[in-house]
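**Q** Listed here are the chains, written in short residue letters.
2 protein chains.
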Amino acid sequence: MALIVQKYGGSSVGDADKIKHVARRVIATQRAGNQVVVVVSAMGDTTDELVDLANSVSSRPEASAREMDMLLTSGERISMALLSLAINDQGGVARSFTGSQAGIITNEVHGNARIADVTPVRVKAALDAGEIAIVAGFQGFSRASQDITTLGRGGSDTTAVALAAGLKADVCEIYSDVDGVYTADPRVVPSAQKLESIDIESMLELAASGAKILYIRAVEFARRHGVDIRVRSTFSDDPGTIVYAKKPGENMEESVVSGVAADKSQAKVTVIGIPDVPGKAAEIFTLVAKAGANIDMIVQNVPTGSDVTEHVSDISFTLPKGDLASVVEALEVAKATIGFRDIEADDQIGKLSVVGAGMRSHSGVSATLFEALAKAGINIEMISTSEIRISVVTSLDEVDEATRAVHTAFGLDGESEAVVYAGTGR
Amino acid sequence: MALIVQKYGGSSVGDADKIKHVARRVIATQRAGNQVVVVVSAMGDTTDELVDLANSVSSRPEASAREMDMLLTSGERISMALLSLAINDQGGVARSFTGSQAGIITNEVHGNARIADVTPVRVKAALDAGEIAIVAGFQGFSRASQDITTLGRGGSDTTAVALAAGLKADVCEIYSDVDGVYTADPRVVPSAQKLESIDIESMLELAASGAKILYIRAVEFARRHGVDIRVRSTFSDDPGTIVYAKKPGENMEESVVSGVAADKSQAKVTVIGIPDVPGKAAEIFTLVAKAGANIDMIVQNVPTGSDVTEHVSDISFTLPKGDLASVVEALEVAKATIGFRDIEADDQIGKLSVVGAGMRSHSGVSATLFEALAKAGINIEMISTSEIRISVVTSLDEVDEATRAVHTAFGLDGESEAVVYAGTGR
Numbered sequence: 000m001a002l003i004v005q006k007y008g009g010s011s012v013g014d015a016d017k018i019k020h021v022a023r024r025v026i027a028t029q030r031a032g033n034q035v036v037v038v039v040s041a042m043g044d045t046t047d048e049l050v051d052l053a054n055s056v057s058s059r060p061e062a063s064a065r066e067m068d069m070l071l072t073s074g075e076r077i078s079m080a081l082l083s084l085a086i087n088d089q090g091g092v093a094r095s096f097t098g099s100q101a102g103i104i105t106n107e108v109h110g111n112a113r114i115a116d117v118t119p120v121r122v123k124a125a126l127d128a129g130e131i132a133i134v135a136g137f138q139g140f141s142r143a144s145q146d147i148t149t150l151g152r153g154g155s156d157t158t159a160v161a162l163a164a165g166l167k168a169d170v171c172e173i174y175s176d177v178d179g180v181y182t183a184d185p186r187v188v189p190s191a192q193k194l195e196s197i198d199i200e201s202m203l204e205l206a207a208s209g210a211k212i213l214y215i216r217a218v219e220f221a222r223r224h225g226v227d228i229r230v231r232s233t234f235s236d237d238p239g240t241i242v243y244a245k246k247p248g249e250n251m252e253e254s255v256v257s258g259v260a261a262d263k264s265q266a267k268v269t270v271i272g273i274p275d276v277p278g279k280a281a282e283i284f285t286l287v288a289k290a291g292a293n294i295d296m297i298v299q300n301v302p303t304g305s306d307v308t309e310h311v312s313d314i315s316f317t318l319p320k321g322d323l324a325s326v327v328e329a330l331e332v333a334k335a336t337i338g339f340r341d342i343e344a345d346d347q348i349g350k351l352s353v354v355g356a357g358m359r360s361h362s363g364v365s366a367t368l369f370e371a372l373a374k375a376g377i378n379i380e381m382i383s384t385s386e387i388r389i390s391v392v393t394s395l396d397e398v399d400e401a402t403r404a405v406h407t408a409f410g411l412d413g414e415s416e417a418v419v420y421a422g423t424g425r
Numbered sequence: 000m001a002l003i004v005q006k007y008g009g010s011s012v013g014d015a016d017k018i019k020h021v022a023r024r025v026i027a028t029q030r031a032g033n034q035v036v037v038v039v040s041a042m043g044d045t046t047d048e049l050v051d052l053a054n055s056v057s058s059r060p061e062a063s064a065r066e067m068d069m070l071l072t073s074g075e076r077i078s079m080a081l082l083s084l085a086i087n088d089q090g091g092v093a094r095s096f097t098g099s100q101a102g103i104i105t106n107e108v109h110g111n112a113r114i115a116d117v118t119p120v121r122v123k124a125a126l127d128a129g130e131i132a133i134v135a136g137f138q139g140f141s142r143a144s145q146d147i148t149t150l151g152r153g154g155s156d157t158t159a160v161a162l163a164a165g166l167k168a169d170v171c172e173i174y175s176d177v178d179g180v181y182t183a184d185p186r187v188v189p190s191a192q193k194l195e196s197i198d199i200e201s202m203l204e205l206a207a208s209g210a211k212i213l214y215i216r217a218v219e220f221a222r223r224h225g226v227d228i229r230v231r232s233t234f235s236d237d238p239g240t241i242v243y244a245k246k247p248g249e250n251m252e253e254s255v256v257s258g259v260a261a262d263k264s265q266a267k268v269t270v271i272g273i274p275d276v277p278g279k280a281a282e283i284f285t286l287v288a289k290a291g292a293n294i295d296m297i298v299q300n301v302p303t304g305s306d307v308t309e310h311v312s313d314i315s316f317t318l319p320k321g322d323l324a325s326v327v328e329a330l331e332v333a334k335a336t337i338g339f340r341d342i343e344a345d346d347q348i349g350k351l352s353v354v355g356a357g358m359r360s361h362s363g364v365s366a367t368l369f370e371a372l373a374k375a376g377i378n379i380e381m382i383s384t385s386e387i388r389i390s391v392v393t394s395l396d397e398v399d400e401a402t403r404a405v406h407t408a409f410g411l412d413g414e415s416e417a418v419v420y421a422g423t424g425r
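Chains A and B, in that order, are what the protein sequence lines are.
Going by numbering that gives the first Met the number 0, the residue at position 365 of the first sequence is 364; the numbering climbs one at a time, nothing skipped.
Going by numbering that gives the first Met the number 0, the residue at position 361 of the second sequence is 360; the numbering climbs one at a time, nothing skipped.
Hints are computed from structural coordinates only; laboratory data are not their basis.
Treat the hints with caution; some may be incorrect.
Said to hold, decoys possible - Straight-line Cα separation of at most 25 Å, DMTMM-like style, residue types lysine to aspartate or glutamate; simulated pairs:
id: 1; chain 1: A; residue 1: Lys-17; chain 2: B; residue 2: Glu-61
id: 2; chain 1: B; residue 1: Lys-211; chain 2: B; residue 2: Glu-48
id: 3; chain 1: A; residue 1: Lys-123; chain 2: B; residue 2: Glu-107
What the hints assert, rightly or not - Simulated DEER-style distance windows between Cβ atoms:
id: 4; chain 1: B; residue 1: Lys-334; chain 2: A; residue 2: Asp-16; range: 45 to 51 Å
id: 5; chain 1: A; residue 1: Ala-324; chain 2: B; residue 2: Thr-118; range: 48 to 54 Å
id: 6; chain 1: A; residue 1: Ala-124; chain 2: B; residue 2: Ala-64; range: 16 to 22 Å
id: 7; chain 1: B; residue 1: Gly-278; chain 2: A; residue 2: Asp-16; range: 33 to 39 Å
id: 8; chain 1: A; residue 1: Asp-14; chain 2: B; residue 2: Asp-116; range: 37 to 43 Å
id: 9; chain 1: B; residue 1: Ala-62; chain 2: A; residue 2: Glu-61; range: 50 to 56 Å
Think of the CB as a built atom: it goes at the ideal place given N, C-alpha and C, for glycine as much as any other residue.
Start from the sequences, fold in the hints, and give me the full structure.
**A** As structure tokens, this is what we get:
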């Protein structure tokens, strides 16, 4: 008998018919001889509607973070109760649990709490009694403040993985309207192929590089706790993609390149003419951190040619578009103190990443990448690499074309076109 | 400094503008030098919408009572968080509490739990910190099952009164779109007058007699714990009606008749030709109780005239219309065993009640009542009395006219027409 944690996203429980469909699926999983824990998100647009309500009564709802958590957690309470009702109606026996009841213990940071402990005593008792346990995603409970907290973006994925870890589940299935992990976004690369499996390090790099299938925090949690994840569609029986966190069999060869991801949410800042004095880079990034921005890529150019005599350098970095204005403003204020010459800001960039665990033992990946981009006539603005990833920044309007060119160059193209699903698979 | 518990019903927090209005009202109450605890119902039609959702995923949602409670309690969670956001936005400091967090401890009967204990430790701490405490109405927490429960119809009124008792509040204000307790329903009797005050026993009889201003359970709770209630409108500054549970000043004279109430929700069953043998009435009412019906009035007629020789009697009783079919069916099945001759069922009845604490010391009330009805040509089908109430059953189509006639006969008519508000003041 296996213990399976299933997580259904908002679009999977978007209306009564979909909830009844999920109920059938859950019951079938149990009847196949498994213990089943189900984590649910709020129905469809519920969370957005609740945020709209908050904005209609308050000019700054985010200032009341505790109350916003109280408000938003009602969404999962509704969907989990409805799913339990549907399961009971179809002859199953379900019992729903809030994050607090399921033992999802967090720190006390409202709106973006971190899971500190998982004590699923009541969930275990329900499973032992032959029941299906339904757990509200996205929410937890702070022992210190005795208050309800939320886990932030992708919180339901994190709930599912944390419960799977806490219950030592055999697998954590993440259901959405996307039927697996693809070699690239099928909406951009029609010849993208679904992967049967991928190692969790590559999945982590893909998630960090803009692939929106799984949330990076949940993947990171799964990697740390050795939780295998299966990504599959609520609306098909396709087995989807298994993301291995436990060691797969010895004979599994790691692919050189698992996939190509593009991220269009970043902007680029270049600080020009920084005096070549120790500590200037630290000054700049301290300022940026104080402005609250999450830096991604950093490249320092030591200029050649005529500038060399001036003993100055340039630094470029990427950051989320939403942080661009405040960072540029903070830098402008400190311009004289730091002593740089100018700032350039560019929000029309795209980041392309090639990811694969096999890169560790294969050379030539960067050569293939640069050759493909050169042949497609695409200019590279920045480059950064990790052990199993190479990322390049291009202009925003060229990144889709770049993705297709690179996908082809690494031999990832399938023979038939990928099925493209609507929605974002949250 | 007074401690005031305010309860706002669903129509008072029906949309964003109303929530902001309530927020202003709450802040003003605190700024006037009071400690304020606010109990809120779910917004407008939220509860009905949640019930509709439940019915759309399950053919028998009521069979999953625990899950229904999980579902329905999300409504108050939304309204209390929104009210807190609105108060914080307007410069107040609010903190919201679920029933469980507010220490509303109940037994474990889902859907209609009884309050077993009130331990508002966190509410007190919030008040001591100068905060406004917002509490979800209608919901509690069972220590035995560790589950969330609901208090049934009028549960938010009960929450407010229970908290007022537990906190030893000076007064419990019940806000709705009705601005007080009237001598009769102003929609039926245009000359009905608003009472400045009423004793809680009379209020209890009025509530039991069909007046829909306060729920009988809440009034009963207030009477037992000595909680004064003020009934007033969310949308005016009128002081409304004070319902005295504590002893009012000695010089307050109790009015003979406080008001006239009509109840159109009842039906009447007459069991005809019951053998005049001891224990037959017990047999009948045991059956009725097993069918789950709540009996109200009971009248036994010992027939006169030709029937006397047969040694049989008739019993009539009233019960909620919804219980009529199942009770009649249960009786039909037992017809031979009990040995009665026939059953008559009538769902076209109205119950008219005259209520007043002064009846204890005044005679002639029933004479005035019967005279008024006779003069109006209205036939009386049943009569029952308590220490401070007389109720009569008439035909449904005559009960409004009867109410007006009786209201006039007891000198309750005001000089101007009462203001009639829309809505039901839930």
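**Q** Between Gly-278(B) and Asp-16(A), is the Cβ distance one that fits in 33 to 39 Å?
**A** Since Gly-278(B) and Asp-16(A) have Cβ atoms about 55 Å apart, the given range 33 to 39 Å is violated.
**Q** Would you say the C-beta atoms of Ala-324(A) and Thr-118(B) sit inside 48 to 54 Å of each other?
**A** holds, 49 Å
**Q** Keeping to a limit of 25 Å between CA atoms, is the pair of Lys-123(A) and Glu-107(B) held or broken?
**A** Judged against 25 Å, a Cα distance of about 21 Å means the pair holds.
**Q** Take the C-alpha atoms of Lys-17(A) and Glu-61(B), compute the straight-line distance between them, and say whether it is at most 25 Å.
**A** holds, 21 Å
**Q** With respect to the beta-carbon atoms only, verify the hint that Lys-334(B) and Asp-16(A) lie 45 to 51 Å apart.
**A** For Asp-16(A) against Lys-334(B), whose Cβ atoms are near 47 Å apart, the range 45 to 51 Å holds.
**Q** Confirm or reject the claim that Ala-124(A) and Ala-64(B) have a C-beta distance inside 16 to 22 Å.
**A** The hint (16 to 22 Å, Cβ to Cβ) holds, given that Ala-124(A) and Ala-64(B) are roughly 19 Å apart.
**Q** Is it true that Asp-14(A) and Asp-116(B) lie within 37 to 43 Å of each other by Cβ?
**A** Given about 40 Å between the Cβ atoms, the range holds.
**Q** Do the beta carbons of Ala-62(B) and Glu-61(A) sit within 50 to 56 Å of each other?
**A** Hint violated: Cβ distance 41 Å, outside 50 to 56 Å.
**Q** Within 25 Å, alpha carbon to alpha carbon, are Lys-211(B) and Glu-48(B)?
**A** holds, 22 Å
Checked against the numbered hints above, the structure breaks hints 7 and 9 and satisfies the rest.
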